[in-house]
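Following the hints, position chain B against chain A.
Number of protein chains: 2
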Amino acid sequence: MELFTGRGYEQTTVAEIAARARLTERTFFRYFADKREVLFSGSAMLQELLVNTVAAAPESAAPIDAVAAAVEAAGALLQERRDYAKQRQDVIAANPELQERELIKMATLAAAIAGALCDRGVLEPAASLTAEAGIAVFKVAFGIWLKGPDQADLPQIMRDSLNDLQAVVTEPAVTHRK
Amino acid sequence: MELFTGRGYEQTTVAEIAARARLTERTFFRYFADKREVLFSGSAMLQELLVNTVAAAPESAAPIDAVAAAVEAAGALLQERRDYAKQRQDVIAANPELQERELIKMATLAAAIAGALCDRGVLEPAASLTAEAGIAVFKVAFGIWLKGPDQADLPQIMRDSLNDLQAVVTEPAVTHRK
Chain A
1 MELFTGRGYE
11 QTTVAEIAAR
21 ARLTERTFFR
31 YFADKREVLF
41 SGSAMLQELL
51 VNTVAAAPES
61 AAPIDAVAAA
71 VEAAGALLQE
81 RRDYAKQRQD
91 VIAANPELQE
101 RELIKMATLA
111 AAIAGALCDR
121 GVLEPAASLT
131 AEAGIAVFKV
141 AFGIWLKGPD
151 QADLPQIMRD
161 SLNDLQAVVT
171 EPAVTHRK
Chain B
1001 MELFTGRGYE
1011 QTTVAEIAAR
1021 ARLTERTFFR
1031 YFADKREVLF
1041 SGSAMLQELL
1051 VNTVAAAPES
1061 AAPIDAVAAA
1071 VEAAGALLQE
1081 RRDYAKQRQD
1091 VIAANPELQE
1101 RELIKMATLA
1111 AAIAGALCDR
1121 GVLEPAASLT
1131 AEAGIAVFKV
1141 AFGIWLKGPD
1151 QADLPQIMRD
1161 SLNDLQAVVT
1171 EPAVTHRK
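So the protein sequences, as listed, match chains A and B. Oh and the first sequence: position 78 is 78 in my numbering, straight run, nothing missing. Oh and the second sequence: position 142 is 1142 in my numbering, straight run, nothing missing.
With the rest of the complex left out, here is chain A (with noise of 0.2 Å):
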């Protein structure tokens, strides 16, 4: 990550970060695809920490609260790894691929909530629109956070958000104009 922020993504070689991290080239590509995969890796433990959230809320859980707790515990993760959070942010936002890649990951988180909702017995479109909802929340509140003081607290940002969003949808206007 320091590589990358440094000389910039396009510029860092697989050979310079396998270097820094102590590895051959080879053994680099035994962990990772390609470069961009450096960036990617904790998206699989993210998955697995939001369905399995899903799938562990009570019985008698609304999908959104389901959903509201999934997002809370992804909070929490990302939380642990501010610094390299936004890092990784930076680097992202200075490169379209990378951002095109952020983009099919949160697609794929969707998916996922989605079906971990259906797994819960919750019909479609419901599923849809509830974890549609939590990535929604998920990608505004991560965005306020990381613009944030450092002490900021990504899981209460989350839980506020949601509670904004559930404000926005269905409250008329006037609290939320200038």
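Misleading hints may appear alongside valid ones.
What the hints assert, rightly or not - Simulated crosslink set (DSSO-like; lysine-lysine; CA at most 27 Å straight-line):
hint, chain 1, residue 1, chain 2, residue 2
1, A, Lys35, A, Lys86
2, B, Lys1035, A, Lys86
3, A, Lys35, B, Lys1147
4, A, Lys147, A, Lys105
5, B, Lys1147, A, Lys86
6, A, Lys139, B, Lys1035
7, B, Lys1035, B, Lys1086
8, A, Lys105, B, Lys1147
9, B, Lys1035, B, Lys1105
10, A, Lys86, A, Lys105
11, B, Lys1147, B, Lys1086
12, B, Lys1139, A, Lys105
Unchecked claim - Partial list, computed: chain B residues near chain A (C-beta under 8 Å):
hint, residue
13, Leu1098
14, Glu1100
15, Ala1126
16, Ser1128
17, Ala1136
18, Gln1166
As the list claims (entries may be wrong) - Derived list of chain B stretches under chain A, where covered just means 3 residues or more per stretch with a C-beta under 8 Å from a C-beta of chain A:
hint, stretch
19, 1055–1065
20, 1101–1110
Derived by calculation from the structure, the hints in this document are not laboratory data. Each residue gets a CB set at the ideal place from its N, CA and C atoms; glycine is no exception.
Frame of chain A; chain B shown alone:
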């Protein structure tokens, strides 16, 4: 579009598309950067319609109502070209590169709607959350419409999906379970 669905997107050359449209390749490239753009040339019009509809909503309208009017207007536009929309979706579904481009398009539309809401005086994060909610409704409703019967009414499905979204983010689980 017939070439893409008949021969496959990847197998279709610009020369063939140009010949079908009775254009020289040179003229083709005056209108489109590449063959991918043939499938995304409508994006700018869709974005303009969404932004203009948000801007034209009565001053007293809640942000979500302005966004609802925008996605319904988009629904009416797409409704007029159901066969094209369906064929286009089949081509995109068969090609990961086009799926990425479609995700970028949706993210761009969400950002444009958020910008139009900010211009109406809606503050962040309400603007982004409302825009993301609108795009979630758009995506889910579009998917339902494409799978539905020929006479399915997209603007109505957009309205129903927004009602469903409002229900899932605020209501308890029971009504959405099997």
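Verification of the supplied hints:
1. This hinted pair checks out: A/Lys35 and A/Lys86 have alpha carbons roughly 18 Å apart, not beyond 27 Å.
2. Among the hinted pairs, B/Lys1035 with A/Lys86 is inconsistent with the structure: their alpha-carbon atoms are about 36 Å apart, more than 27 Å.
3. Taking the CA atoms of A/Lys35 and B/Lys1147, the gap is about 38 Å. The hint is violated against a cut of 27 Å.
4. Restraint check: the Cα-Cα separation between A/Lys147 and A/Lys105 comes to about 21 Å, which is no more than 27 Å; the hinted pair holds.
5. With a C-alpha separation of about 40 Å, the suggested pairing of B/Lys1147 with A/Lys86 is violated against the 27 Å cut-off.
6. Restraint check: the Cα-Cα separation between A/Lys139 and B/Lys1035 comes to about 31 Å, which exceeds 27 Å; the hinted pair is violated.
7. Between B/Lys1035 and B/Lys1086 the alpha-carbon distance is near 18 Å, which keeps this suggested pair within the 27 Å criterion.
8. Taking the CA atoms of A/Lys105 and B/Lys1147, the gap is about 25 Å. The hint holds against a cut of 27 Å.
9. Between B/Lys1035 and B/Lys1105 the CA atoms are separated by roughly 16 Å; this keeps the pair inside 27 Å, and the hint holds.
10. Of the supplied pair hints, the one linking A/Lys86 and A/Lys105 holds, its CA atoms being roughly 17 Å apart against a limit of 27 Å.
11. With a CA separation close to 9 Å, the supplied pair B/Lys1147 and B/Lys1086 stays within the 27 Å bound.
12. Note on B/Lys1139 and A/Lys105: the hinted pairing holds, with a Cα-Cα distance of about 17 Å set against a maximum of 27 Å.
13. Evaluation of the B/Leu1098 hint against chain A yields a violated restraint, the C-beta minimum of about 12 Å exceeding 8 Å.
14. Checking B/Glu1100 against chain A by beta carbon gives a least distance of about 5 Å; that is within 8 Å, so the hint holds.
15. Restraint check, B/Ala1126 versus chain A: the minimum CB separation of about 4 Å is within 8 Å; hint holds.
16. Given hint, B/Ser1128 at the interface with chain A, holds; its Cβ is 5 Å from that chain's nearest Cβ, closer than 8 Å.
17. Given the 8 Å rule on beta carbons, the hint for B/Ala1136 holds: about 3 Å separates it from the nearest Cβ of chain A.
18. This hint holds: B/Gln1166 has a C-beta 5 Å from the nearest C-beta of chain A, less than the 8 Å allowed.
19. Coverage of the stretch 1055–1065 of chain B by chain A holds. Counting CB-CB distances below 8 Å, 6 residues qualify, and the rule asks for three or more.
20. As drawn, the stretch 1101–1110 of chain B meets chain A at 3 residues by the rule of a beta-carbon pair under 8 Å; at three or more, the given contact holds.
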